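**Q** Next come the chains, spelled out residue by residue.
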Amino acid sequence: MNNDELKREYREDLTLFEGPWSRGLALFFVVALIVYSQFFAGNYVVFVMISIVLFVIAAVGLNLLVGYTGQISLGHAAFMAIGAYTHVILYSKGAPLLVTVPAGALMAAILGFVVGIPALRLKGPYLAIATLGFQVATDQILGRWDSLTGGRMGLGVPGPEIGSYSLAEPRTYFLLCFAVCLLVLVGAYNLTRSRIGRAFVAIRDNETAAEAMGVGLTTYKTMAFAISAFVTGLAGALFAHLSDRINPSTFNLFLSIEMLVMVLVGGLASILGSVLGATFLIMLQQGFAGASEYQWIIVGTILIAVLLFEPMGMRGRWLRMKYYFKAWPF
Amino acid sequence: MSAQLLSIANASIAFGGVQALNSVSLDVPSGAIVSVIGPNGAGKTTLFNCVTGVYRPEEGSVRLGENELVGRKPHHIAALGLARTFQNIELFGRMSVLDNVLLGRHLHMVVGPLRAALFGKKVVAEEVAQRRKVEEVLDFLDLQFARDRFVMHLPYGVRKKVELARALALEPKLLLLDEPSAGMNAEEKEDLVHVIRDIRDDMGVTIILVEHDMGLVMGISDQVAVLDHGEKIAHGTPSEVTANPEVIRAYLGTDSTVQTALGDAAEDVVKADEVAP
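If you read the protein sequences in the order shown, they are chains R and D.
For the first sequence, my numbering begins at 9 and goes up steadily by one.
For the second sequence, my numbering begins at 199 and goes up steadily by one.
Hints in this document: simulated from the structure, not taken from any laboratory.
As the structure is a prediction and not an experimental result, all values here were calculated from the model.
You can trust all of the hints, since none of them are fake.
Just a few of them, taken from the derived set where beta-carbon distance is under 7 Å, the chain R residues facing chain D:
(1) Arg-206
(2) Ala-217
(3) Val-223
Far from chain D, some chain R residues (derived; all Cβ distances over 12 Å):
(4) Leu-33
(5) Ala-103
(6) Ala-111
(7) Gly-151
(8) Gly-171
(9) Tyr-181
(10) Thr-258
(11) Trp-304
We put the CB at the ideal spot given by N, CA and C, even for glycine.
So here's chain D without its partners, still in its complex pose (with noise of 0.2 Å):
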């Protein structure tokens, strides 16, 4: 793995009381898919709003390469090459589908408002030149279908493939997805799967997801992080994460039975530890 493209060093941010991240820090190499688990308000969409500007956080500092992100405005820090998706689809409903994909393309488009008044060549050349990305997109996604219907008119599936495609067509150097299998069926998931890793290794996207469907993050993830009352408790590969205690217990209480296996558990690595020298 090359080097990190994004750094989140000791993140901080409450909330009133609730402590939403305390002292997170993550490093997501470039080429990587990270996934962020934990349980219901443990704070991985907080993680998500403080990497892309929406909060700030109170300590800490985010790194995308070079550019310190914190205290950067979100529309400058999707200049910088990082793109999202959101938990509750975020898309521009009264527009088509070509049109919220294009919008994806807007950093990419210079023109002036002087110029697009006029709407001459050199306006229908750009507008022609993102067109065909935008169609390239849609082409991966499978939504030519779509192309030219109303987004509030389409079902919550293809919403979810167009939130991605607006997300894709910014080009970005980091993809951010939030939950991205939300609400879809076994099939589609499987779909998912490959089409995240396509990005991955066709697009040189790095990505980071937040992900319920344990099989999808265990398939997928060279790396994940998880997060438990918005302290990272365990960071690791897929089958390091399953094996530790921590989250066991994060996921699964502190019920009897699986405290007691837990202990047990604790007992052989603290045995295992004293045999070795």
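Chain R with its partners taken away, still in its complex shape (with noise of 0.2 Å):
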């Protein structure tokens, strides 16, 4: 054991990374990424990183909701096509991107906590069965609103630009959306460990001890679901502009069922997990461009081989491989 592994004071507990490896890893990853999009990466490639990007924003989302609260969505794909269609209406009319795209996250979180509201009473396979109905509904209704959503066939969307500076190039879009994502995972990791993360966390584990603690359950629960749908929005406006048009079919059931997937295959409540389950679909899902018609056999099999051997998720299986190079090589 090293000696300086032993912490002195209480703040040493409460540092961002442990210790200068960590530290120095993430920033060797995000210094990496950066250089590849802006200097080696083809269009393609930048354009699958802004995918990976994104939905690692939407998977921490959904993690917040499922992996720490305790809470199950098989809605989240709504929370996306909402935080997608307020930016890009608000967008087409003229307002600014950075206020259009704060403004989609924040139109999901507001209807995040009005959906939280059922999961008061709500538990497991019922939440689920609610949840599945709001993403029905949420698409039906963008499908049959012509005058504000243009219903089946969408909306055009605006090319991206921060006031005359134009985003339009794949490898400056995939610059903004990997900020946003940075910041998303920093403030995700600090909710998590902060007093609000434990409330979530006691929610999850034990309702009746939570509330004799003093976590109100009505308070945390619609606070769960506002900031998870808020954390999607978010990725689901930034997500507008990776094609030209949007429609409702973009961000349907099975796009719920696949972040579901992501949250699971990386490992609940990890803030890391996410990381890698977003990761690993995407590329997967790209792997299998050409074929896609095996793709879903290949992610069944793997999510079920997970839950057997792995319910920690690939995150059980990176912290397994740290305790082992840790005494490494004896």
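Got two chains here, each in a separate frame; can you build the complex from them with the hints?
**A** Written out as structure tokens, the structure is:
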């Protein structure tokens, strides 16, 4: 055991990274990804990188709800849709991007709060069905409210610009998405290690005890839904610019399930897990882009294997590896 | 003894046909240790649940100091200074002991979600200050060794202590302990007696406990209340309660020999009354 690892003050337990090694590793990844995207990657690869980064954001949002607070949701694609539509509608009317993207997330948060209210009474499978209902209803409303959403044809998405500076070039747009992603990762991690995050986990583990210790279930469950929807809505708003049009079928039930798979395969109640899970699933999809009919066979098999052999997901593997190499080579 | 900290007046609640509590009244003076005893199914835990807001009594009132508790939610009641432990340990299994006890400090922390996400200086300062408090509680209960372990990996006796630590971290005025000694061996029970006394004497916390170990109850309590079939049949000092024939009947039943003995005792009481002017 290295002497440097001994902690002497409580605040040393509250640092963002555990020691210089993990801080260095994180910094290396950030710099490497930026350099790679700007100077080496082709347009297609950058496009994949943007998808990964956005689904990392969405998966983190979903994980805050499912992994940390223990509330299931089959309706998170709908929150993405609300983020995307709100952003596109406002942005098309000429509002600046830096306002409309947060506005999209905020709109998703408001609806997340509303969806959170039935969650006060519903548990497990019943909540799953209720959020499924939200997903289907959102799809129908977006598909039929022609005057606002363009119905099934959807809406055209103007190219992203901040002021007069165009972000239409994928590698430039990647920088924006990546920056937002880093902010979300740090923010979500901070949230989970704070008083709020502890309250979420307490509700997940034991509602009776959480309430007896002063955690108001109404407040914290609706808060978890709102924050989760906010983060996922943020991903949705940025996601809109990946194609020329958005339409309701982009944000279907299948996407909700894909996000749940990301969270489960990556690891419940882990920010790192969401990063790994989203990256893994998007890369897998791209790998099978030419044979998409086989894609879900593979994903399904992997999901079953993870649940059977590694319930902690890819993060569990990572932890095991870390412990193994701590004492390496002995 | 100073004023009543908790007063339960005529609390009644029924589940279907079972009258779990029938007009139960109980006053708990500030700074006292009061035990609630009674046979299984007497309504002891129901009484606790009515006080902590898990159940809402159909009739009667429960007052903590100036505040009426009936109709309030459990987390409001906790904020008024009431903490409890549970009969079947209710901990957060996939949180470390440290986090479990830190959650007990939840009401003493103020940071909202936005500040928490930024985790600035103020949040760090608050976490450190609360951590200090938590370490004091862990010291008090000798739990430092388990600080970073997950609760689900701990043995039963330690979990009981963690639950007590979490309740103490809330810095309650009134502490409700539901069978604190269940599953403990003789040595652990002796420790527990000292711990409970220290909580009252050093921290000034009023304590109500539900307990089946009569040695512990009689040794530690200032007052004992006895419940049977949802009714309070006796209330007094430990020695008064042990001598109460109603209590003996409730615990030992109406076996003929006991009844005879009780009959004799009752006759003696009657005679004594006749002798007295």
